[in-house]
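Chains as they are written, first to last, in our numbering: chain A, 7 to 421; chain B, 7 to 421.
One thing to keep in mind: the hints can contain errors.
If chains are identical, the list can't say which one is meant, so a pair holds when it fits in one copy or spans any two.
Claimed, not checked - Pairs of lysine-lysine, BS3-like flavour, derived with a Cα cap of 25 Å:
#1 Lys114 <-> Lys354
#2 Lys357 <-> Lys114
#3 Lys160 <-> Lys30
#4 Lys221 <-> Lys210
Just so you know, these hints were derived from the structure itself, not from any lab. All values derive from a computational prediction rather than experimental measurement.
Number of protein chains: 2
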Amino acid sequence: MTVIEQMGAAAKIAARTLATAGEKKNDALKAIAKALTDNKDAIIRANSIDLENGKNNGLSASLLDRLMLDEKRIDGIAQGVLEVAALPDPIGDVISGGVRPNGLKITKVRVPLGVIGIIFEARPNVTADAAVLCLKSGNAVILRGGKEAINSNKCIADIMRDAVESAGLDRNSIQLITDTSRASSTELMALTDYLDVLIPRGGKGLIRAVVENAKVPVIETGAGNCHVYVNEKADIDMAADIIFNAKTSRPSVCNAIETILIDESIAEKALPAIKARLDEKNVELRGCEKTVSILGSSVVPADESDWETEYGDYILAVKVVSSFDEAVSHIAKYSSGHSECIITEDYKAAKRFTEVVDAAAVYVNASTRFTDGGMFGLGAEIGISTQKLHARGPMGLNELTSMKFIIEGEGQIRV
Amino acid sequence: MTVIEQMGAAAKIAARTLATAGEKKNDALKAIAKALTDNKDAIIRANSIDLENGKNNGLSASLLDRLMLDEKRIDGIAQGVLEVAALPDPIGDVISGGVRPNGLKITKVRVPLGVIGIIFEARPNVTADAAVLCLKSGNAVILRGGKEAINSNKCIADIMRDAVESAGLDRNSIQLITDTSRASSTELMALTDYLDVLIPRGGKGLIRAVVENAKVPVIETGAGNCHVYVNEKADIDMAADIIFNAKTSRPSVCNAIETILIDESIAEKALPAIKARLDEKNVELRGCEKTVSILGSSVVPADESDWETEYGDYILAVKVVSSFDEAVSHIAKYSSGHSECIITEDYKAAKRFTEVVDAAAVYVNASTRFTDGGMFGLGAEIGISTQKLHARGPMGLNELTSMKFIIEGEGQIRV
Numbered sequence: 007m008t009v010i011e012q013m014g015a016a017a018k019i020a021a022r023t024l025a026t027a028g029e030k031k032n033d034a035l036k037a038i039a040k041a042l043t044d045n046k047d048a049i050i051r052a053n054s055i056d057l058e059n060g061k062n063n064g065l066s067a068s069l070l071d072r073l074m075l076d077e078k079r080i081d082g083i084a085q086g087v088l089e090v091a092a093l094p095d096p097i098g099d100v101i102s103g104g105v106r107p108n109g110l111k112i113t114k115v116r117v118p119l120g121v122i123g124i125i126f127e128a129r130p131n132v133t134a135d136a137a138v139l140c141l142k143s144g145n146a147v148i149l150r151g152g153k154e155a156i157n158s159n160k161c162i163a164d165i166m167r168d169a170v171e172s173a174g175l176d177r178n179s180i181q182l183i184t185d186t187s188r189a190s191s192t193e194l195m196a197l198t199d200y201l202d203v204l205i206p207r208g209g210k211g212l213i214r215a216v217v218e219n220a221k222v223p224v225i226e227t228g229a230g231n232c233h234v235y236v237n238e239k240a241d242i243d244m245a246a247d248i249i250f251n252a253k254t255s256r257p258s259v260c261n262a263i264e265t266i267l268i269d270e271s272i273a274e275k276a277l278p279a280i281k282a283r284l285d286e287k288n289v290e291l292r293g294c295e296k297t298v299s300i301l302g303s304s305v306v307p308a309d310e311s312d313w314e315t316e317y318g319d320y321i322l323a324v325k326v327v328s329s330f331d332e333a334v335s336h337i338a339k340y341s342s343g344h345s346e347c348i349i350t351e352d353y354k355a356a357k358r359f360t361e362v363v364d365a366a367a368v369y370v371n372a373s374t375r376f377t378d379g380g381m382f383g384l385g386a387e388i389g390i391s392t393q394k395l396h397a398r399g400p401m402g403l404n405e406l407t408s409m410k411f412i413i414e415g416e417g418q419i420r421v
Numbered sequence: 007m008t009v010i011e012q013m014g015a016a017a018k019i020a021a022r023t024l025a026t027a028g029e030k031k032n033d034a035l036k037a038i039a040k041a042l043t044d045n046k047d048a049i050i051r052a053n054s055i056d057l058e059n060g061k062n063n064g065l066s067a068s069l070l071d072r073l074m075l076d077e078k079r080i081d082g083i084a085q086g087v088l089e090v091a092a093l094p095d096p097i098g099d100v101i102s103g104g105v106r107p108n109g110l111k112i113t114k115v116r117v118p119l120g121v122i123g124i125i126f127e128a129r130p131n132v133t134a135d136a137a138v139l140c141l142k143s144g145n146a147v148i149l150r151g152g153k154e155a156i157n158s159n160k161c162i163a164d165i166m167r168d169a170v171e172s173a174g175l176d177r178n179s180i181q182l183i184t185d186t187s188r189a190s191s192t193e194l195m196a197l198t199d200y201l202d203v204l205i206p207r208g209g210k211g212l213i214r215a216v217v218e219n220a221k222v223p224v225i226e227t228g229a230g231n232c233h234v235y236v237n238e239k240a241d242i243d244m245a246a247d248i249i250f251n252a253k254t255s256r257p258s259v260c261n262a263i264e265t266i267l268i269d270e271s272i273a274e275k276a277l278p279a280i281k282a283r284l285d286e287k288n289v290e291l292r293g294c295e296k297t298v299s300i301l302g303s304s305v306v307p308a309d310e311s312d313w314e315t316e317y318g319d320y321i322l323a324v325k326v327v328s329s330f331d332e333a334v335s336h337i338a339k340y341s342s343g344h345s346e347c348i349i350t351e352d353y354k355a356a357k358r359f360t361e362v363v364d365a366a367a368v369y370v371n372a373s374t375r376f377t378d379g380g381m382f383g384l385g386a387e388i389g390i391s392t393q394k395l396h397a398r399g400p401m402g403l404n405e406l407t408s409m410k411f412i413i414e415g416e417g418q419i420r421v
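Just chain A, same shape as in the assembly (with noise of 0.2 Å):
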């Protein structure tokens, strides 16, 4: 056995404890609070070692700043935890059930998936969000992070390790790959025989390797291409405010809109209001024909490339269409469906839009920034998923189960 399948077989054998481990799971998450918090220090000094490989490196800013850990972010991680520990456990939930005319009773009850994998990139704060969630569903998990943030994915791993043993349970419930070749992450996505399903969690490229690579079963989270459209019948100001909203609260992330479209009959009068709102956040607008002949020379003519782009920056493409049915097909053809709005007053519109729109989250006037486990009410997310299997959309501890049929019987044969 390779050193990653001898972690499969341990996960797998942690898993069957805590499928049935109930508030001793609970006592393990607060464990887990306490030691991250107990033990800042000892993070903070493994996460310097990373920051100062990384700017040798030459990381980016920006990566270097998902990279760092201080007192108040551990103190965050921690506070997380805490909140995950207070989320109802949905294990043995019963999903639906009744009695055949035969007389078996059958309950459709909740169970956890069994083994993850999870694989990302440089944020060591994912090793304590994604493995708590993973245990408060009773799953076992192996954490596979990127090489950059090694050092402190090994130091939070062993202190959340020592912390579930701490509480009577498994430490192998939680595992980290510490070999950060390309080969264990290769080697994880073909992990059929312990992995019951990956879940890969970082950028476009990422995603991609693991969804054209893995054997195992992989849900696809991230990717997100969303679009505001500005119906004929929208309030103005409206869609000005959602649109600066869903474009300039927090460009880098998924949920933020990367093309608007605007139909014909009022983008004569909608885009100077909305562009006046973005220009307080210095947005770079890079428009269709009609959008540049409106807006004039200070929008960046668009091109095919535009409308596939998810920007993560302070740009949006600007699209104006001749009727409802254009800008459906424009966010058919474009969309990564993640989250999808319509700005409208008109009845019919706000329903057809609902309707016909495929994608994680339709929107009817409501900034597309709202698509969060959070925000929707589900607690804590693991991500949001863009696809159709298994789950879609913002992923909570549900969307961490699978389900059982439990027959009750006394005797019955099929005939």
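Chain B: place on chain A using the hints.
The following block gives chain B in isolation, referenced to the frame of chain A:
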């Protein structure tokens, strides 16, 4: 674009129509049922070519039987289509919902998956069965059947496509890949731009090949290494009846049992009674040492491979276990996660078994042969999932759907 990419693109267009097709889907199903009945002769003619080729290529009698379509079987297929038409439409169902403190109304509704690929072997009835379940649940389907049934499949697919069109829907809602080379199947497995999920239906080899090679999400179906555990507090007559039914009522199917585990303390009494029932059907027993010592030399000594094998035949492995825990550990090690059963009159043992055994269906005192969509009251099924992601156990219409969040606001932005 390759032929299969073109089919993918056409399916994606059809899927958009199907997503909101409502009652037209039932019109199409009824048209399909009628067309299959009206065109029995054509189907039987096409099928006779497949049968002739099959004989010339030396197909086994059981494969030829699966391949064969006669009037009665076609009537059965058409009847099945009407039963699917009569099921409630899952699309649009509100799964959950509520109003957030900021006034956003969030509703989680059921939507189609989109485009489903089905890879199957020599059973032409799957062409119709699978297609109509996909259609009813609002999904476009791309079928890729085995070369043995290609003439039958083409004929049935053409009949269905005409019928779908006659009902006012896109004929590309149902498509059949007529190239039965390995290359077409490999290409379908990698069609990530168009396929939302791929479901293999067939033997272990096919399913393994799809799981190993697919880049699109797969739902694994069908493998069934199922156990009955006869607890020390079992009713022996009930145990014998259930084991007899679960082994011999249809040994080739996945919900038949392959191994029984018997508590040591009851083995001397129970084993002869169980063997007496199984002798009625000449079931070959392969037993552990203790089984052989109790039942004598008519039992073939079992080796490790017997615990792993899905015989699909009148063969049953038998193991005497020293405790509940040994039984459960054996199941954890060898089960394919399909259906597992305990026979017991002991409350605690029954409760504990349903809690700790990890399988799609966990039984107390009933035959594993009930694991089936119809028997569970879920209506027709497209297969029995043995994976934990998305669907587990019998997959009915709901399991062919995804969901989306609809968020209705009045200008809310995220602060």
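Comparing the hints with the structure gives:
{"no.": "1", "hint": "Lys114 <-> Lys354", "verdict": "between (38 Å within a copy, 20 Å between copies)"}
{"no.": "2", "hint": "Lys357 <-> Lys114", "verdict": "between (33 Å within a copy, 15 Å between copies)"}
{"no.": "3", "hint": "Lys160 <-> Lys30", "verdict": "within (24 Å within a copy, 57 Å between copies)"}
{"no.": "4", "hint": "Lys221 <-> Lys210", "verdict": "both (19 Å within a copy, 16 Å between copies)"}
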